[in-house]
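Just so you know, the sequences run in chain order A and B. If you read the first sequence in my numbering, its first letter stands for residue 1, the second for the next number, and so on. If you read the second sequence in my numbering, its first letter stands for residue 1001, the second for the next number, and so on.
Don't read these hints as lab results, they were simulated from the structure. It cannot be assumed that every hint is accurate.
[Said to hold, decoys possible] Negatives, chain B to chain A, calculated, CB over 10 Å:
| hint | residue |
| --- | --- |
| 1 | Arg1004 |
| 2 | Glu1014 |
| 3 | Ser1044 |
| 4 | Gln1045 |
| 5 | Glu1066 |
| 6 | Leu1100 |
| 7 | Ala1135 |
| 8 | Met1138 |
| 9 | Glu1154 |
| 10 | Glu1159 |
| 11 | Ala1201 |
| 12 | Val1213 |
| 13 | Gln1268 |
[As the list claims (entries may be wrong)] Below, computed lysine to any residue pairings styled on SDA-like, alpha-carbon distance capped at 25 Å:
| hint | chain 1 | residue 1 | chain 2 | residue 2 |
| --- | --- | --- | --- | --- |
| 14 | B | Lys1261 | B | Thr1027 |
| 15 | A | Lys253 | B | Phe1069 |
| 16 | A | Lys99 | B | Pro1097 |
| 17 | A | Lys399 | A | Glu349 |
| 18 | A | Lys253 | B | Pro1097 |
| 19 | A | Lys99 | B | Ala1099 |
| 20 | A | Lys239 | A | Arg267 |
| 21 | A | Lys340 | A | Lys253 |
| 22 | A | Lys319 | B | Ala1106 |
| 23 | A | Lys28 | A | Arg17 |
| 24 | A | Lys395 | B | Ala1106 |
| 25 | A | Lys253 | B | Ala1099 |
| 26 | B | Lys1018 | A | Phe279 |
| 27 | B | Lys1018 | A | Asp288 |
| 28 | A | Lys451 | A | Val420 |
| 29 | A | Lys253 | B | Gly1257 |
[Claimed, not checked] One-sided excerpt, in silico: chain B residues whose CB lies under 8 Å from chain A:
| hint | residue |
| --- | --- |
| 30 | Val1023 |
| 31 | Ile1059 |
| 32 | Asn1064 |
| 33 | Ile1093 |
| 34 | Arg1095 |
| 35 | Phe1096 |
| 36 | Leu1102 |
Glycine residues also receive a C-beta, built at the ideal position from the N, C-alpha and C atoms.
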Amino acid sequence: MAAAFDEMKGHDGDQVRPAYGELAQWLKEVPPDVLDYRRREAELIFRRIGITFAVYGEADATERLIPFDVIPRIMAASEWRFLEKGLTQRVNALNLFIKDVYGAREILRAGIIPEDLVFRNPAFRPEMNGQRVPHDIYVHIAGIDIIRVDADTFYVLEDNARTPSGVSYMLENREIMMRLFPELFSRHRIAPVENYPDELLASLKSVAPLTTSKEPTVVLLTPGVFNSAYYEHSFLADKLGVELVEGRDLFVKDEVVYMRTTQGPQRVDVIYRRVDDDFIDPLTFRADSILGVPGLMSAYAAGNVTLANAVGTGIADDKAVYSFMPAIVKFYLGEEPLLKNVPTWRCREEEHLKYVLDHLPELVVKEVHGSGGYGMLIGPTASKIAIEQFRAKLKAEPKNFIAQPTLALSTSPTCVEEGVAPRHVDLRPFVLTGRNGVRIVPGGLTRVALKKGSLVVNSSQGGGTKDTWVLDS
Amino acid sequence: MRIRISHATSYRYETPPKSVTQVLRLTPRNHDGQYVVNWRVEVSQDCQLHQQEGAFGNISHVFNAEGPFDELSVTVAGEVDTQDTHGIVNGAIERFPPALYLRETALTMPDPAIIDFAEATRTDAGTDTLTLLHALMMRLNAEMTFDTEPTQVETTAAEAFAGKRGVCQDGTHIFIAAARHLGVPTRYVSGHFYRENDTSAQDAGHAWAEAYVDKLGWVGFDPTNAISPTEAHVRVAVGLDYLGAAPVRGTRYGGGGETLKVTINVDQANWQTQSQSQS
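Can you build the whole structure from these sequences, using the hints too?
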């Protein structure tokens, strides 16, 4: 694997890239103990405001702090403009794909995607078949994971079209950076992200059902305090100025959703739901769910409520479907995709599987329906034993896996034990789609692998976050 | 044959519920082998019934009844003209291509025992789909003891097959699991069955499977009775499994001590016999 591209110093490492000019200068000037002091201060603030997440499968620590790195990741205005165009294109294609899959199924008829990949996919919801959703928008909030390998090449690593999380970190990271490093902000012109809640609320209101008579009522539906992202749910509800509700706070009567309030039932028009499809309505999906709202799907079918994101969007972020994204973009938009897809071997196909089994030590292998960095193999850093164990898993259920080359994610200067050193990063911008099109707050959540050489940025696997700056030119 | 059906689902509550919400899939639709002459759905409590067409083309009714009440009953009744089509179902409302019905569900996931059973049947019966499906049905009927002692609604195909006994729902789930494993699109049908020699009240609806056979289309297989559906079968709803075609799915807020009684009468309309349910 070649040396990674560094966001600050490029490939060669001798010349500072223009966007990082001021920061490089500042890093030279600032005494190491000051940086370290500020780092500890940041941690203290995070602890005080209680921004935590839960790690599944760890009994001792239910809530944990995500490490925050005080050195921002910076993008030039021109770089962002390119990403913005690419993301808009991608999310438009995702929406058209989902509408088609639950409607006319033209992409299946055209033979571009194999029927069984959709029909037998657990993320496909037959219950959504033939159902229109308000304004034909399915993915209102997408988190598209982007990695960079050189100055001009960005890849989409993953599309998150269900209930992507992490935006609260984008907002908190910015707030803390402004508090800790006012002098850095005065030396840069940085595009704001604070308007994200306003943009989100405007998007959500814009997709209210046509039957909504007046100002739409929006609520945020959470599974409750035991969910790993509960902090984010309450944070966002607060920023949006909408009610944070659980399933039991809502009910359906005559195909209309109501919220129980102290003043009596109040009609709900838009539900920003952070409850998974499986649990959202026990009369349609899992009968044992107590997190959902009985009859919700009947109100949805009647067109009286908007669910954001729609039910069944998981079919678009399935990793096997992901490998078809370039074809999906071309099929619906007639355009070449601006953002590249990582070359992907689908282990469900015999030839692909053979290649993957022969090249395991070079590849990254992921579960098709996995997320959060669980259950994956990173060939180059895995032990021989781990590779052999994975080989057995792969042979047993090949259709559950895809494989990709190990890409050299770009690095960004990061504050670590030994001082400031390059660490691998990715970027999750949050793409909002409303009735009037796509809006993206400049930036997103930069995740950083704090361990030297590590390529896994997931917070559940020891990754941290950074503030992401898009420079106003 | 003109079949007259009445299907009553009655709940009694020791503690009255605050409200009850139910989704009903109790209304048959037409296809070449059946014509719905008349049909009505009644709920004993004050509420609005909202009719919708579900993703699989079934008619569903949703209602929300506000309590408190001590009892609630849902009654459907009507008459359906049926014809024997040798089990072939033409002219039904199809919302999916057959390939969807290869999809596995939690209730129809085949375990090694079902896989062995399916493959052994294929070894003996050969690869002609229709012959294979008939063999599957006959073997299943021979191996399973069908009794009316209800298993749980959440009993999976694998569990029922391991116990070698169950109700029509279980036999249907096993048939579906085995047929899908053999690559044949198969679906669950809930409906009614007219028993010529026994017109006493039934305490559950009937269920069977439909499998897609090239050149023929959808063909019914009733493992409980070891026959393909005849004019004695009235088809009400289809789905991937019981949960997708369930006659009633419901929930209630508050209340308790619920007892449920189902009374179904299936009879020939012109025979004018009367049947009474014993309570």
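A quick look at each hint next to the structure:
{"no.": "1", "hint": "Arg1004", "in the structure": "holds (29 Å)"}
{"no.": "2", "hint": "Glu1014", "in the structure": "holds (21 Å)"}
{"no.": "3", "hint": "Ser1044", "in the structure": "holds (18 Å)"}
{"no.": "4", "hint": "Gln1045", "in the structure": "holds (13 Å)"}
{"no.": "5", "hint": "Glu1066", "in the structure": "violated (8 Å)"}
{"no.": "6", "hint": "Leu1100", "in the structure": "violated (4 Å)"}
{"no.": "7", "hint": "Ala1135", "in the structure": "holds (25 Å)"}
{"no.": "8", "hint": "Met1138", "in the structure": "holds (28 Å)"}
{"no.": "9", "hint": "Glu1154", "in the structure": "violated (8 Å)"}
{"no.": "10", "hint": "Glu1159", "in the structure": "holds (17 Å)"}
{"no.": "11", "hint": "Ala1201", "in the structure": "holds (27 Å)"}
{"no.": "12", "hint": "Val1213", "in the structure": "holds (18 Å)"}
{"no.": "13", "hint": "Gln1268", "in the structure": "holds (34 Å)"}
{"no.": "14", "hint": "B:Lys1261 with B:Thr1027", "in the structure": "holds (19 Å)"}
{"no.": "15", "hint": "A:Lys253 with B:Phe1069", "in the structure": "holds (17 Å)"}
{"no.": "16", "hint": "A:Lys99 with B:Pro1097", "in the structure": "holds (17 Å)"}
{"no.": "17", "hint": "A:Lys399 with A:Glu349", "in the structure": "holds (8 Å)"}
{"no.": "18", "hint": "A:Lys253 with B:Pro1097", "in the structure": "violated (34 Å)"}
{"no.": "19", "hint": "A:Lys99 with B:Ala1099", "in the structure": "holds (19 Å)"}
{"no.": "20", "hint": "A:Lys239 with A:Arg267", "in the structure": "holds (21 Å)"}
{"no.": "21", "hint": "A:Lys340 with A:Lys253", "in the structure": "violated (46 Å)"}
{"no.": "22", "hint": "A:Lys319 with B:Ala1106", "in the structure": "holds (22 Å)"}
{"no.": "23", "hint": "A:Lys28 with A:Arg17", "in the structure": "holds (15 Å)"}
{"no.": "24", "hint": "A:Lys395 with B:Ala1106", "in the structure": "holds (23 Å)"}
{"no.": "25", "hint": "A:Lys253 with B:Ala1099", "in the structure": "violated (36 Å)"}
{"no.": "26", "hint": "B:Lys1018 with A:Phe279", "in the structure": "holds (23 Å)"}
{"no.": "27", "hint": "B:Lys1018 with A:Asp288", "in the structure": "holds (20 Å)"}
{"no.": "28", "hint": "A:Lys451 with A:Val420", "in the structure": "holds (13 Å)"}
{"no.": "29", "hint": "A:Lys253 with B:Gly1257", "in the structure": "holds (24 Å)"}
{"no.": "30", "hint": "Val1023", "in the structure": "holds (5 Å)"}
{"no.": "31", "hint": "Ile1059", "in the structure": "violated (13 Å)"}
{"no.": "32", "hint": "Asn1064", "in the structure": "holds (5 Å)"}
{"no.": "33", "hint": "Ile1093", "in the structure": "violated (11 Å)"}
{"no.": "34", "hint": "Arg1095", "in the structure": "holds (6 Å)"}
{"no.": "35", "hint": "Phe1096", "in the structure": "holds (7 Å)"}
{"no.": "36", "hint": "Leu1102", "in the structure": "holds (6 Å)"}
Hints 5, 6, 9, 18, 21, 25, 31, 33 from the list above are not met by this structure, while the remaining hints are.
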